[in-house]
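Asks: Numbering-wise (this note's numbering), the first sequence opens with residue 756 and increments by one.
Read the hints as simulated data drawn from the structure, not as lab findings. Treat the hints with care, since some could be wrong.
Claimed, not checked - Quick list of the computed label-pair ranges, beta carbon to beta carbon: (1) R885 to D994: 18 to 24 Å; (2) D782 to G1005: 34 to 40 Å; (3) R1006 to H937: 15 to 21 Å.
Claimed, not checked - Below, computed lysine-lysine pairings styled on DSS-like, alpha-carbon distance capped at 25 Å: (4) K919 to K950; (5) K919 to K987; (6) K908 to K791; (7) K820 to K908; (8) K886 to K766; (9) K908 to K950; (10) K791 to K1002; (11) K780 to K791; (12) K919 to K869.
A virtual CB, placed ideally from N, CA and C, is assigned to each residue, including glycine.
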Amino acid sequence: MPELPEVNAKKNHFDQVALHKKIEKVDLIDTSYILKNMDGPAFAEKLSGRTFTETYRRGKYFFAKMDNGHYVLLHFGMSGHFYYYEDMSGQPKHERFAFVFEEGSRMGFNCPRKLARIHYVEDLEDFIARKNLGEDALKLQEEDFMELTAGRKGTLKGFLLNQKYLAGMGNLYVDEVCWQQHIHPASVTGALTEKQRRALFRNMQDILKKAVSLDAVYADYPDEWLWNHRTKDSQCPRDGTDLQRDKVAGRSTYYCPNCQELIE
DNA sequence: TGTGATGTTGAATG
DNA sequence: GCATTCAACATCAC
């Protein structure tokens, strides 16, 4: 589930249940694939006795700051999720590790597909610079977006998905904004007019803000959006045309062949 | 049973 | 440097 609004919802959850609680230990189940820059026991040792003091989200990257000034980066991949519980009966099936708080509750990190990535980060700025991670899509300024898009070759979808330009957009929100703007996702980014690019940018932020305000609960997303119509054999909520499904920028893409213009 | 899934990365290619 | 395509990562659900 995790694109910007989903990760934001996870942050909200984490802030609510995990901040300011002393970590007694880290329960390691299987961190072999997801923990990237140290092994499980070293990670557990680093975290033991620490307290999370605040959190920071940039795009889909979630950083939990500790009382020693260091961070834990949690990237959820495709299927990562937090589960907070006090009774072991609440332990999720694919928990890879859990922060065990002194009071006895646990913040479990569940990840069936092991595509999540965890790093122990001493220097946040350095980590972001090395990742070449772009500005958060909600913090990006319109003029910077205009500069990033001007004259750019390559598909609009490929651009919006690339986290080094702006961070946070994923497959579903990209389809949504392209659809709302009547623009075919395979359009050439730099071929859009200035007016189109400005409108796209504003609409993108509006969509993200709305999704964040709804805590990424899909059932509450406006029915006028493509979102809940983005399924096999469905129709465009605007004009009833059968939606088309193609691969664009290597990702499964839904769009309306009738009302989304290919600009190139 | 085969296929695809909200993400990222690296290799190969143009 | 830029952009594209493909494969890989590991598991589950349909």
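Asks: Out of the numbered hints, which ones does the structure contradict?
Replies: Going through the list in order, the structure violates hints 1, 5, 6, 7, 10 and respects the others.
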